[in-house]
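Peer 1: Its first residue numbered 1, the sequence shown is counted upward by one per residue in our numbering.
Check before you lean on any hint, since a few could be wrong.
Stated by the list, open to error - Pairs of lysine-lysine, PhoX-like flavour, derived with a Cα cap of 20 Å:
(1) LYS333 / LYS371
(2) LYS16 / LYS53
(3) LYS72 / LYS53
(4) LYS301 / LYS327
(5) LYS371 / LYS326
(6) LYS90 / LYS53
(7) LYS431 / LYS413
(8) LYS418 / LYS399
(9) LYS90 / LYS118
(10) LYS333 / LYS301
(11) LYS410 / LYS371
(12) LYS418 / LYS406
(13) LYS118 / LYS194
(14) LYS294 / LYS326
(15) LYS333 / LYS374
(16) LYS333 / LYS294
(17) LYS53 / LYS194
(18) LYS371 / LYS194
Said to hold, decoys possible - FRET-style restraints, in silico, Cβ to Cβ:
(19) ALA401 / ASN78: 49 to 59 Å
(20) ARG58 / ASN78: 21 to 31 Å
(21) VAL307 / PRO181: 28 to 38 Å
(22) ALA242 / ASP340: 21 to 31 Å
(23) LYS194 / GLY109: 18 to 28 Å
The set of hints was computed from the structure by calculation and includes no laboratory data. All residues carry an ideal CB built from backbone N, CA and C; glycine is no exception.
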Amino acid sequence: MSYQDEERAERRRTQKEIADQLRASGALDDIFAQMDAGAPLTGDNGLLGGIVKAALERGLETELSDHLGYEKGDPEANIYPNSRNGTSAKTVSTEVGDIELAIPRDRNGSFTPMLVPKGQRRLDGLDGMIISLYAGGMTIREIQHHLYSTLGTDLSHETISKITDQIQDEVLAWQTRPLEPLYPVIYLDAIIVKIRDGGHVRNKAAHIAVGVDMDGIKHVLGIWVQATEGAKFWAAVCAELANRGVRDVLIVACDGLTGFPEAIQATWPEATVQTCVVHLIRAAMRFVNYQDRKAVASALKPIYQAVNEDAALEALEEFSNSTLGKKYPSAVKSFQDAWDRFIPFLAFPPELRRVIYTTNAIESLNYQLRKVTKNRGHFPNDAAAVKLLWLAICNIEDKRARERQKERGKPAKERNAKPRLIEGAVTTNWKTALAQLALAYPDRIEPYL
């Protein structure tokens with residue numbers, strides 16, 4: 001039996017013992033009778049709400065007794081300097097609906113409850129539920145409707161917005177955290193999100209940087225929003241990464257944006273800028289008819305699988321002179337236009353090529369993020385977009401971690417849980433690739449080994 005199975009079995013045993021004890025004591029007889037009579041479990045008149053109310057009020061009374069030094073009804077209460085002074089009404093939103101509490105007070109006004117602190121109108125579990133729903137892609141109004149229809153809790157649009165805003169400080173801390181001095185490989189890419197700008201909703205680019213550290217572990221370094229995916233803005237992104245501690249990058253894999261290499265090398269002059277081969281292939285296939293796509297894709301392989309630049313140039317000329325090359329000159333032109341940014345890839349051995357072959361690390365991430373953002377309509381501002389994207393990354397990784405935990409202890413062939421998407425994922429065959437990097441960039445990498 002796996003650790004997860006043992007844990008689940010122990011939880012079942014514990015819960016069964018508690019349920020059996022409650023049934024045997026007769027404590028649940030009245031609740032069962034009310035359920036049989038048709039009383040609801042949740043909502044404004046739900047039994048669970050009544051149970052939570054009783055438990056919270058009992059806990060608050062216990063806190064007050066500890067604060068005053070005597071129990072309620074103690075005949076010697078008059079000898080104590082402070083005393084009870086009735087209750088005040090307070091509505092608290094919980095995971096089982098809104099609860100009307102009677103908060104006990106003391107005459108001196110010195111009692112500060114810890115179970116339901118002053119000013120708190122929601123229990124922590126509800127805040128966590130709201131943030132989880134938000135990270136899953138639900139809009140604030142969708143969350144508002146979901147809470148009301150399932151729990152009977154009617155929170156305002158502004159309240160839910162404030163709850164999700166609580167994590168803004170966490171996002172800022174993450175976005176400005178110190179980084180490693182050397183990342184052997186950094187991938188740069190962007191996705192388009194809709195954001196309100198003044199009186200209009202505009203398409204903006206959310207720029208994402210993923211770095212591979214010296215241990216081969218991938219990290220999302222930051223998310224930045226700008227009106228367009230421009231080289232000038234990428235230069236600002238690189239400068240910010242440098243300000244956070246990145247002194248050197250060996251290889252930067254990116255798409256074929258004009259001016260991208262210059263923008264990167266303005267911050268890291270010795271960095272090798274490599275156009276993403278997958279982006280290049282997509283550009284070459286853009287105007288290829290569906291019935292010819294498989295043949296053209298096969299004909300392009302000798303170009304990017306060539307052993308060196310000369311062999312690749314020969315393969316490109318061969319494709320250019322072929323029937324398919326003459327039929328689709330745009331495919332040939334895509335490689336010719338990007339040639340200077342494509343050929344650095346050909347100087348690396350196969351083990352290292354597989355690492356920098358594509359920005360697939362970000363492409364997979366972007367695919368998941370688009371699923372989260374597509375139903376959002378638009379974001380009210382740039383900060384809201386960054387917040388949701390950060391939350392979505394955390395949510396995806398947490399979900400996958402839970403799935404892997406459930407399969408812990410099972411044979412490898414029976415495991416179906418997905419690995420880490422990006423954050424904390426280990427690059428395949430990294431040790432071999434790192435050895436090749438040490439040979440290619442000995443002076444720059446050895447100080448960090």
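Peer 1: A separate judgement is required for each hint: does it hold in the structure or not?
Peer 2: Tested hints:
1. LYS333 / LYS371: The given pair, whose Cα atoms are some 33 Å apart, is violated under the 20 Å limit.
2. LYS16 / LYS53: The given pair, whose Cα atoms are some 24 Å apart, is violated under the 20 Å limit.
3. LYS72 / LYS53: Holds. LYS72 to LYS53 sits at ~19 Å (cutoff 20 Å).
4. LYS301 / LYS327: holds (18 Å)
5. LYS371 / LYS326: violated (38 Å)
6. LYS90 / LYS53: holds (11 Å)
7. LYS431 / LYS413: Between LYS431 and LYS413 the Cα gap is close to 25 Å, so the pair fails against 20 Å, i.e. violated.
8. LYS418 / LYS399: holds (10 Å)
9. LYS90 / LYS118: Since the Cα atoms of LYS90 and LYS118 sit roughly 10 Å apart, the hinted pair holds (cutoff 20 Å).
10. LYS333 / LYS301: holds (16 Å)
11. LYS410 / LYS371: The hint is violated at about 30 Å.
12. LYS418 / LYS406: Status holds; Cα separation ~12 Å.
13. LYS118 / LYS194: violated (39 Å)
14. LYS294 / LYS326: holds (16 Å)
15. LYS333 / LYS374: Violated - the C-alpha atoms of LYS374 and LYS333 are around 33 Å apart, more than 20 Å.
16. LYS333 / LYS294: holds (19 Å)
17. LYS53 / LYS194: violated (43 Å)
18. LYS371 / LYS194: holds (14 Å)
19. ALA401 / ASN78: 49 to 59 Å: At roughly 57 Å between Cβ atoms, ASN78 and ALA401 fall inside 49 to 59 Å, so the hint holds.
20. ARG58 / ASN78: 21 to 31 Å: Because 24 Å falls inside the window, the suggested range holds.
21. VAL307 / PRO181: 28 to 38 Å: Given a distance of about 34 Å, which is inside 28 to 38 Å, the answer is holds.
22. ALA242 / ASP340: 21 to 31 Å: holds (24 Å)
23. LYS194 / GLY109: 18 to 28 Å: violated (50 Å)
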